[in-house]
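Protein chains: 2
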Amino acid sequence: MRSRRACVARPEDVGLAIADMGLPFLWRPDVATRTFPRPPLLWQHVVAIEEVAMAVPSRRGDPRRRMRPGGRSARVNEAVLDAVLDEIVESGYAKLSFERVAARAGVHKATLYRRWANKEELLAEALLAHTGSAVPMPDTGSLREDLRRLTHAIAANISSPDGQGLLRTLVSDAGRVPEIAGAARTFWSERFALAGAVVGRGVERGELPPDTDVAFLIERLIAPLFLRVLVTAEPIDAAYADRIVDALLDSATAG
Amino acid sequence: MRSRRACVARPEDVGLAIADMGLPFLWRPDVATRTFPRPPLLWQHVVAIEEVAMAVPSRRGDPRRRMRPGGRSARVNEAVLDAVLDEIVESGYAKLSFERVAARAGVHKATLYRRWANKEELLAEALLAHTGSAVPMPDTGSLREDLRRLTHAIAANISSPDGQGLLRTLVSDAGRVPEIAGAARTFWSERFALAGAVVGRGVERGELPPDTDVAFLIERLIAPLFLRVLVTAEPIDAAYADRIVDALLDSATAG
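For the protein sequence lines, the chains are A and B, in the order given.
If you read the first sequence in our numbering, its first letter stands for residue 1, the second for the next number, and so on.
If you read the second sequence in our numbering, its first letter stands for residue 1, the second for the next number, and so on.
Chain A on its own, in the form it takes in the complex (with noise of 0.2 Å):
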């Protein structure tokens, strides 16, 4: 379904979509790619133009808002699971509705019913994808530079305001609300798989011993990025997540 908000995008508010995302995925929109191997279109000529639209009304420079491959029922998905998170920051987990979301993303309720059982499911779905995007699994062919670059974007999500107004709703309303812990749960057992892949080819090359136990040195690795956002307020640059990744690697290694 095309949003009613795709149809009354005023053409500044496109600009500025066009600004935010980034032109490479104006004119190329199935490729996600940051490089420029020839000269964008002009903004007038984009075909795409209501799927620019999609990404205009909230949350400008959030990744996850950027462009996606994918039909229909993958920008509904998308409009969807933004609604979710952006419910969430503004009035909590416990005034979230299927009607309210549906009403935000401009999707019908049935929508939501026929892809989502519940709550708790459309909130695990909505974390993963915010996630996926602005958490992306690296792959460089060494291990010290993966970890480093997930720790940076780990650290970039949890300190930037909306990843910190998420964060904040939701460990306050777990406490109220058992059901975030099931989504919590899901959650990360997902992210832990996708880590996991990153530090098992890191023990594959040899950089790490066969015997590692891969989520204990996962949750030694964002531990500290979460203590220091959440609970001692000290600030996180990049050197400080590359010592954790060091302080793991050096340990691990010179056992």
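Quick caveat, the hints were computed from the structure, so don't treat them as lab data.
The reader is advised that the hints may include incorrect statements.
[Unchecked claim] Heads up, simulated DSBU-like pairs for lysine-lysine below, C-alpha to C-alpha not over 35 Å straight-line:
{"no.": "1", "chain 1": "A", "residue 1": "119", "chain 2": "B", "residue 2": "95"}
{"no.": "2", "chain 1": "A", "residue 1": "95", "chain 2": "A", "residue 2": "109"}
{"no.": "3", "chain 1": "B", "residue 1": "119", "chain 2": "A", "residue 2": "95"}
{"no.": "4", "chain 1": "A", "residue 1": "95", "chain 2": "B", "residue 2": "95"}
{"no.": "5", "chain 1": "B", "residue 1": "119", "chain 2": "B", "residue 2": "109"}
{"no.": "6", "chain 1": "B", "residue 1": "119", "chain 2": "B", "residue 2": "95"}
{"no.": "7", "chain 1": "B", "residue 1": "109", "chain 2": "B", "residue 2": "95"}
{"no.": "8", "chain 1": "A", "residue 1": "119", "chain 2": "A", "residue 2": "109"}
{"no.": "9", "chain 1": "A", "residue 1": "119", "chain 2": "A", "residue 2": "95"}
[Stated by the list, open to error] A short, non-exhaustive set of chain A residues, derived as facing chain B with CB atoms under 10 Å:
{"no.": "10", "residue": "175"}
{"no.": "11", "residue": "213"}
{"no.": "12", "residue": "222"}
{"no.": "13", "residue": "225"}
{"no.": "14", "residue": "243"}
Built from N, CA and C at the ideal position, the CB exists for glycine as well.
Here the structure of chain A is known, so what remains is to put chain B in place on it, guided by the hints.
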């Protein structure tokens, strides 16, 4: 000031308080020991009955409600600092006020204004008083044993219902109220200094290299506990806490 609550305490409440506090605190309230070298007095012989009653009204079983040494001034402090945390758990930091704290603690508002400059100071001191009781700093002569006891106490404190309630409220409110970050930094600066002394004794005994970055080690020691409680919704047990300690100490000495 003797608390109003103390004067109206019923014998059965005092009995509960005694059961809660542990008898050693009764007959020698100035000695904070759990050992029991001679038979306790019967509770009706206890002279400090009003002090006992101070511990009655709320949060039975919370270690910070136990009797601590000190006179009237110390008791007022304790009542006020307890009231601060109770108010925050119930209503959040934004609604915290000297008026409400004074009313809850049963003391005059002027008393609070004499002792604390603002809410930020009050929060930092309340957190330090609570955590000082709930998470004492061990000194067993072995760094590994000290850090195990420390992580066990932290895990128990932050996963208890009261501890989680307080932590989640502060994490949530800190996104809206910058002075919570100020109080957090005061709190953590003091706690890191105390834990740093524990680690420092280990360094002096040769259990860690002299160039150990003590603060970085403490961050990596406690971070996985907070990650599991606040973020990944995974349970913590003593074996997990011990693994964190072992991983840190074994890697620090293997390098």
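Cross-check of the supplied hints:
1. As the CA atoms of residue 119 of chain A and residue 95 of chain B are separated by approximately 30 Å, the hinted pair is consistent with the 35 Å bound.
2. Restraint check: the Cα-Cα separation between residue 95 of chain A and residue 109 of chain A comes to about 16 Å, which is no more than 35 Å; the hinted pair holds.
3. Simply put, residue 119 of chain B and residue 95 of chain A have alpha-carbon atoms about 30 Å apart, close enough for the 35 Å limit, and the pair holds.
4. For the proposed pair residue 95 of chain A and residue 95 of chain B, the alpha carbon gap of about 22 Å is at most 35 Å, so the pair holds.
5. For the hint linking residue 119 of chain B to residue 109 of chain B, the alpha-carbon distance of about 13 Å falls within 35 Å, and the restraint holds.
6. A C-alpha spacing of about 11 Å is found between residue 119 of chain B and residue 95 of chain B, which places the hinted pair at or below 35 Å, so the restraint holds.
7. Distance hint between residue 109 of chain B and residue 95 of chain B is fulfilled; the C-alpha atoms sit about 16 Å from each other, no more than 35 Å.
8. The straight-line distance between the Cα atoms of residue 119 of chain A and residue 109 of chain A is roughly 13 Å, inside the 35 Å bound, and the hint therefore holds.
9. Using a Cα cut-off of 35 Å, the hinted pair residue 119 of chain A and residue 95 of chain A holds, with the two alpha carbons roughly 11 Å apart.
10. At its closest, the beta carbon of residue 175 of chain A sits 4 Å from a beta carbon of chain B; the interface hint therefore holds under the 10 Å criterion.
11. A cut of 10 Å between beta carbons decides the hint on residue 213 of chain A: the least distance to chain B is about 9 Å, and the hint holds.
12. Among the interface hints, the one on residue 222 of chain A holds; its C-beta lies about 7 Å from the nearest C-beta in chain B, closer than the 10 Å criterion.
13. Checking residue 225 of chain A against chain B: minimum C-beta separation of about 8 Å stays under 10 Å; hint holds.
14. Interface restraint check: residue 243 of chain A against chain B, minimum CB-CB distance 7 Å, threshold 10 Å, status holds.
Checked against the numbered hints above, the structure violates none of them.
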